[in-house]
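**Student:** For the protein sequence lines, the chains are D and X, in the order given.
Just so we're aligned: the first sequence equals residues 7 to 368 in the numbering used here.
Just so we're aligned: the second sequence equals residues 7 to 368 in the numbering used here.
Treat the hints with care, as some may be off.
What the hints assert, rightly or not - Which bits of chain X does chain D cover? Going by a derived footprint, with three or more residues having C-beta under 8 Å, they are: (1) 11-19; (2) 138-150; (3) 205-212.
What the hints assert, rightly or not - In silico lysine-lysine, BS3-like type, Cα no more than 30 Å apart, as pairs: (4) Lys58(D) x Lys317(X); (5) Lys147(X) x Lys22(D); (6) Lys147(X) x Lys118(X); (7) Lys58(D) x Lys239(D); (8) Lys317(D) x Lys50(X); (9) Lys50(X) x Lys22(D); (10) Lys366(X) x Lys50(D); (11) Lys317(D) x Lys58(X); (12) Lys118(D) x Lys239(X); (13) Lys95(D) x Lys117(X); (14) Lys95(D) x Lys118(X); (15) Lys218(D) x Lys117(X); (16) Lys50(X) x Lys117(D); (17) Lys58(D) x Lys22(X); (18) Lys325(X) x Lys365(X); (19) Lys325(X) x Lys50(D); (20) Lys50(D) x Lys22(X); (21) Lys95(X) x Lys117(D).
Because the hints were derived from the structure by calculation, they are not lab data.
For glycine and all other residues, C-beta sits at the position ideal for the given N, C-alpha and C.
2 protein chains.
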Amino acid sequence: MESIYNFSAGPAALPKQVLSRAQQELLDWNGLGVSVMEISHRGKDFLACAEKAEADLRKLMSISDDYEVLFLQGGGRGQFFSVPMNLAKRGSFCQHLLSGQWSQIAVTEAKKYMDVDIVAKASLEDGMLMVPQPDQWQIKKDAAYFHYCPNETVDGIEINWVPHSKHGVPIVADMSSNILSKTIDVNKFGIIYAGAQKNIGPSGLAIVIVRKDLLSYSREDTPAVFDYAQQAKDGSMYNTPPTFGWYLAGLVFEWLLENGGLAEMEKLNNSKAQLLYSTIDTSEFYQNNISTDYRSKMNVTFHLNETSLDKLFLSEAEKAGLMFLKGHRFVGGMRASIYNAMPLEGVQALTAFMQDFEKKHG
Amino acid sequence: MESIYNFSAGPAALPKQVLSRAQQELLDWNGLGVSVMEISHRGKDFLACAEKAEADLRKLMSISDDYEVLFLQGGGRGQFFSVPMNLAKRGSFCQHLLSGQWSQIAVTEAKKYMDVDIVAKASLEDGMLMVPQPDQWQIKKDAAYFHYCPNETVDGIEINWVPHSKHGVPIVADMSSNILSKTIDVNKFGIIYAGAQKNIGPSGLAIVIVRKDLLSYSREDTPAVFDYAQQAKDGSMYNTPPTFGWYLAGLVFEWLLENGGLAEMEKLNNSKAQLLYSTIDTSEFYQNNISTDYRSKMNVTFHLNETSLDKLFLSEAEKAGLMFLKGHRFVGGMRASIYNAMPLEGVQALTAFMQDFEKKHG
Numbered sequence: 007m008e009s010i011y012n013f014s015a016g017p018a019a020l021p022k023q024v025l026s027r028a029q030q031e032l033l034d035w036n037g038l039g040v041s042v043m044e045i046s047h048r049g050k051d052f053l054a055c056a057e058k059a060e061a062d063l064r065k066l067m068s069i070s071d072d073y074e075v076l077f078l079q080g081g082g083r084g085q086f087f088s089v090p091m092n093l094a095k096r097g098s099f100c101q102h103l104l105s106g107q108w109s110q111i112a113v114t115e116a117k118k119y120m121d122v123d124i125v126a127k128a129s130l131e132d133g134m135l136m137v138p139q140p141d142q143w144q145i146k147k148d149a150a151y152f153h154y155c156p157n158e159t160v161d162g163i164e165i166n167w168v169p170h171s172k173h174g175v176p177i178v179a180d181m182s183s184n185i186l187s188k189t190i191d192v193n194k195f196g197i198i199y200a201g202a203q204k205n206i207g208p209s210g211l212a213i214v215i216v217r218k219d220l221l222s223y224s225r226e227d228t229p230a231v232f233d234y235a236q237q238a239k240d241g242s243m244y245n246t247p248p249t250f251g252w253y254l255a256g257l258v259f260e261w262l263l264e265n266g267g268l269a270e271m272e273k274l275n276n277s278k279a280q281l282l283y284s285t286i287d288t289s290e291f292y293q294n295n296i297s298t299d300y301r302s303k304m305n306v307t308f309h310l311n312e313t314s315l316d317k318l319f320l321s322e323a324e325k326a327g328l329m330f331l332k333g334h335r336f337v338g339g340m341r342a343s344i345y346n347a348m349p350l351e352g353v354q355a356l357t358a359f360m361q362d363f364e365k366k367h368g
Numbered sequence: 007m008e009s010i011y012n013f014s015a016g017p018a019a020l021p022k023q024v025l026s027r028a029q030q031e032l033l034d035w036n037g038l039g040v041s042v043m044e045i046s047h048r049g050k051d052f053l054a055c056a057e058k059a060e061a062d063l064r065k066l067m068s069i070s071d072d073y074e075v076l077f078l079q080g081g082g083r084g085q086f087f088s089v090p091m092n093l094a095k096r097g098s099f100c101q102h103l104l105s106g107q108w109s110q111i112a113v114t115e116a117k118k119y120m121d122v123d124i125v126a127k128a129s130l131e132d133g134m135l136m137v138p139q140p141d142q143w144q145i146k147k148d149a150a151y152f153h154y155c156p157n158e159t160v161d162g163i164e165i166n167w168v169p170h171s172k173h174g175v176p177i178v179a180d181m182s183s184n185i186l187s188k189t190i191d192v193n194k195f196g197i198i199y200a201g202a203q204k205n206i207g208p209s210g211l212a213i214v215i216v217r218k219d220l221l222s223y224s225r226e227d228t229p230a231v232f233d234y235a236q237q238a239k240d241g242s243m244y245n246t247p248p249t250f251g252w253y254l255a256g257l258v259f260e261w262l263l264e265n266g267g268l269a270e271m272e273k274l275n276n277s278k279a280q281l282l283y284s285t286i287d288t289s290e291f292y293q294n295n296i297s298t299d300y301r302s303k304m305n306v307t308f309h310l311n312e313t314s315l316d317k318l319f320l321s322e323a324e325k326a327g328l329m330f331l332k333g334h335r336f337v338g339g340m341r342a343s344i345y346n347a348m349p350l351e352g353v354q355a356l357t358a359f360m361q362d363f364e365k366k367h368g
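The shape of chain D in the complex, shown without the other chains (with noise of 0.2 Å):
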């Protein structure tokens, strides 16, 4: 086999430079002698890697000193309960966009904290799955908050407007498989949050960027290592952090910095996005129905017409070396995941393997 490419939708690829180094310095980590999982999150060392990687972020992001930047546990599902918990006194009810799997999880768990408001829900308009613009719905004065996922990574939907509350309710964003894949302005959102295990390290860190006054409307009962108050206090480091996490994602964000930031990582993005999407668009042979304006960069999802050759396409494609093609169990066929670490390379050899399958079987 030539090379491997990782389509896994998460935990997903890692930067080889960055597995490479990790592995390099696995025993012994900033001359220590001992591994960098091995010591205190309170000691010098790992303090400075720790804000090495928050300022990095900050760089990569323009994010503003109006925003505390959190590195905590619990992946993205741990902020379907912390944004309820944590913004609860800022009013009674939230409202949320429906645009996919993810969005819909995250309204269950948000009930259990406060009444949720549906705003809209994506649906299928002349065969292709739509998600209905800001101008079509409202984000009432008196909402807690707004929140969206603007990348479903199971459905293949990428959101590229960002809605705005005249009124000034805070926008809260999912971004866990689409954050650091392009230039986004920060400032429009109350709270961005990300499970790591996507574009940014490891499976097990969730990032939050809240902005520094909506840290004031937690209930008295939000758990201490989820209260973003007392983790903005303590640097993120209430509770032992995650810290090979931290250390790794560290890592990620100086790959990002040396090869151009998001700006150059949005241009190659769009690059492989485009070449996967435009070998299903020109072929009969594989179908993707998400209407174009909403299709997704991160996860390109897609069906064969043949749906009885789905196995052998999987199987071939993995001897081929392009692993973890299979759609998610909720929607089926095939999903590529194309986060920051997938090089133009794999894409090619993904789309090459695709026209020659056809060729084959079609």
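Following the hints, put chain X in place on chain D, whose structure we already have.
**Tutor:** Relative to chain D, chain X alone:
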């Protein structure tokens, strides 16, 4: 420098063999050509790894089928709220034993969810720190549960008895810093939990061993990712688990089994602790004021009689490759954490250094 011995209280030293193996297969695990960090937790490769880790832990601790073993996030502190939330419907109050810093913090968090009755508190008797024995206090029959911390990492206190309730009140133990250090009878406990970063693996993982009959008492608003019943149903994969930590914990369990299991570990830990405490006790230069029955075999705290020498002691120790001996900021002095991964040679090097330092400065 000859050898480096890492006395960090946590995140703590991991077995060298475990780290070496992790290093070797960091970029190509299980012949997949990708890292164990880069694959789906729901794929067959990771599932097999996860199941083997659980099976090995069950073997090591003789955990019966009456118990679920959960691999969660949030560390030990994550359980400070998870325990009262998951056992809320068992009663309106819980009982806690106060033996040091960690059991105190557990109380502060539990009070958000339940009334807390303190059964007893560690105190000085004739200048020695003691924990009141179970015959001096009572577990009430209508308590939701009884909670204690068998090893206080900060204070260096270890409790060797297990309280018993004649009314069947579940005993909950925070074993974060002494799990796997000796044989215990799991059947005496309702819940055992532990943050991984001492004797299990890297930080960011917590193990919860919970008796199955305790899975039906949770509050309605228990966060799904911390709901024992939900996680038990989903094999700890309701959300994406910290896969690298789980994998590494599995390697630690294998290492323990290969080295004679917990009985052998207990012998070794006894030898290490005995050597260190006898060095302290036979000296006029060092002191430890914990009653001999309650001295921790994992975290050996001691003070220099001449505290002005603390800094010099630490810097000379570091030059000798004896790392991270500084005591916790709450208690000062020194602390040698000698978890499973610390070989006898490390303690021998430390005691030799202590005797040498005493000769020079005593």
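**Student:** Which hints, by number, does the structure contradict?
**Tutor:** The structure breaks hints 2, 5 and 16; every other hint is satisfied.
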